[in-house]
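Peer 1: Protein sequences, first through last, are from chains P and Y. Residue numbers for the first sequence follow my numbering, beginning at 39 and rising by one. Residue numbers for the second sequence follow my numbering, beginning at 35 and rising by one.
FYI, nobody ran anything at the bench for these hints, they're computed from the structure. Values in this document were obtained by computation on a predicted structure and should not be read as measured data. Just so it is clear, CB atoms sit at the ideal spot from N, CA and C, and this is done for glycine as well. Take these hints with a grain of salt, some might be off.
Stated by the list, open to error - If the Cβ cut is set under 10 Å, some of the chain P residues that face chain Y in the computed set are:
hint, residue
1, Met113
2, Gly143
3, Ala175
4, Thr234
Claimed, not checked - Computed footprint of chain Y on chain P; a stretch qualifies when at least three of its residues, placed anywhere within it, have a C-beta under 8 Å from a C-beta of chain Y:
hint, stretch
5, 116-129
6, 146-154
7, 180-190
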Amino acid sequence: MAMRSLLAAGAGGLAVLWLALASAPLTAQEGAPEAVLFPGPGVELTTQRCVVCHEAQHITRTRLSRAEWVDNTMMMIKRGAPIAPEEIAPIVDYLFAFYGRNDDGSARARPAGAQTPVLAGAGTPGASRDVPALMAAYGCTGCHAVDRKLVGPSFREVAERFGKTADGAERVARRIREGSVGDWGPLPMPPQPTITEAEAKALVAWVFAQR
Amino acid sequence: MSEQSRRPVEALEVLHSHRRAFITRIAQVGAVVASGSAMRPGEAFAQAAPAAPAGPPEAPGSVPNPAVLAGKDAVVRLHSERPLTGSPIAEHQNFLVTPTRRMFIRNNLNTPEVDASRHVLTVRGLVEKELTLTLDDLRRMTQWSQVGMLECAGSGRTAFRPTPRGTTWPETGGMGCPKWNGVSLAEVLRLAGVKSGAAHVAFFGLDRGPLPTVPPVVRSIPVSKALDRHTMIALGMNDEPLSPIHGFPMRSYAPGWVGSASIKWLSAIEVLPAPFKGTYMDDSYRIPLRPVAPGESMPADAAITEDWPVKSMITFPAQNARFRAGQSIPIEGRAWVGESAIRRVDLSFDEGVTWQRAGLDRRGDRYAWRRFSMDYVPEKTGFQTVLARATDDQGNVQPFIPAWNPLGYFWNGVHRVGFMVEV
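Please put together the full structure from these sequences, using the hints given.
Peer 2: Here it is, written out as structure tokens:
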């Protein structure tokens, strides 16, 4: 699972609860919702389809009835969410299971054994906040894992191909911000222009360290 | 969160490079014409065919979020980053005119960085003559300004129970009342000549989403509102050119109406025989015509949201403020309503059992909020509350809890602030 891989990759560093990131700039405030989705059936698909455009907090701060999650998913499809018809049911099932609301307005209990999501890593130099927080905020881990291909190449593959060339870091940083297609196949990576150059640089440094 | 922690070194670097670019742009654009001038008949429009800008406009780049937030005070709390939304609560809104640094942020998509020297505004559709206007063309028209409300339809959403989906606006976040500088939309539409059969006027924004499948932001308003003399194409806010987050170089402003009726980064205006069909008209910004049960889906016959109902908030004291016994507390707040006028504001110090009429400042600009106030000397010590309730000139009174609706629009419940009076 993408997030477990990220977690494992960062296990050498400090594993911190997302709450510890609350003091980092640009993150949500104290008592804020989780920065990554609860692990569980459908989390990868939901992350890929939703977190590509929105930070996970749009989901983790929310409790909705099943009908409302259906309504919201259908509206997001009209807003351009890349969700195929057969993906609607598994996404709604996941959202209602982990972010559901009972008819009396209370939060629906999560499935037994649900693990609170954690983010690994702390103190990344050069970034306005930690790389794991950046990756969660910008949805990188929706499509990339450290050691295997998901929608896009693994971080390790990226590090192997670009980590050794002189202009590799600059090139990958530019692709993060401007988007890319063709290097790894026909699936485009969407541009993430709200990532600053400094943040992109920090992300690349972290990715290249996974070699 | 301290101001410092919100501004890492990287963000400041971005800010500085961004500021240089912005200053350059201001130099290119020239100062916005001094505000406060009365509306006067427009001078004859100089060129029938305005000079074409140098080359076709390029797809705009995007402004990073830290650069936007560097232009905001730390009390503008973030609600989301993608898209970028944020607002200050009532106690940080104690201004007659909202400073730009306190004006709320609500994007649907990314913040575009528009090259003003290449930007053109197209006026098309049911018009006698299609127009292509540059920023300079608009600057040659009659400039005027007004202080006026802008409020997101979902402002106050998190006060609804259960809380509907959408931007998590706090009970008193998602609105502001800055000064708008610009030209009358009606003057532009008169130049184009609105044909008979026109019903709605649509506004197209230049902002784009993270994926190519994301549709652009388009919203239409009735011709009657578009031709109202208060509806503007704004070029500035608070006597400065619009900042990128507020729509540089130009935006529409439909005063008194929900924020989505005012389109930032305006690139086209289209006169239509019917309301525009699109997701920002047909899926969101809709409100049921009849009350629905909490949790129900949007009825098929719901209406598009337009003008805001009567509303008020207490801007002093702050929630949980402390005072000394015998001390007079200068309570104040703001009251506003979309298309009518505020008649009175009442305060209650006993949870709504009895009400006392607050002082109400004289009415300023048509769509500006109005200050209300009362000097209150508590008779007892301990924790107590003040409630504010506005009434408009149609007799509409703020409810304690407004009708729940599927997308959480039009929260206008009575605002309640608690404070402590110590011995």
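Peer 1: Please name the hints from earlier in the document that this structure breaks, with their numbers sorted from lowest to highest.
Peer 2: Violated hints: 6 and 7; rest satisfied.
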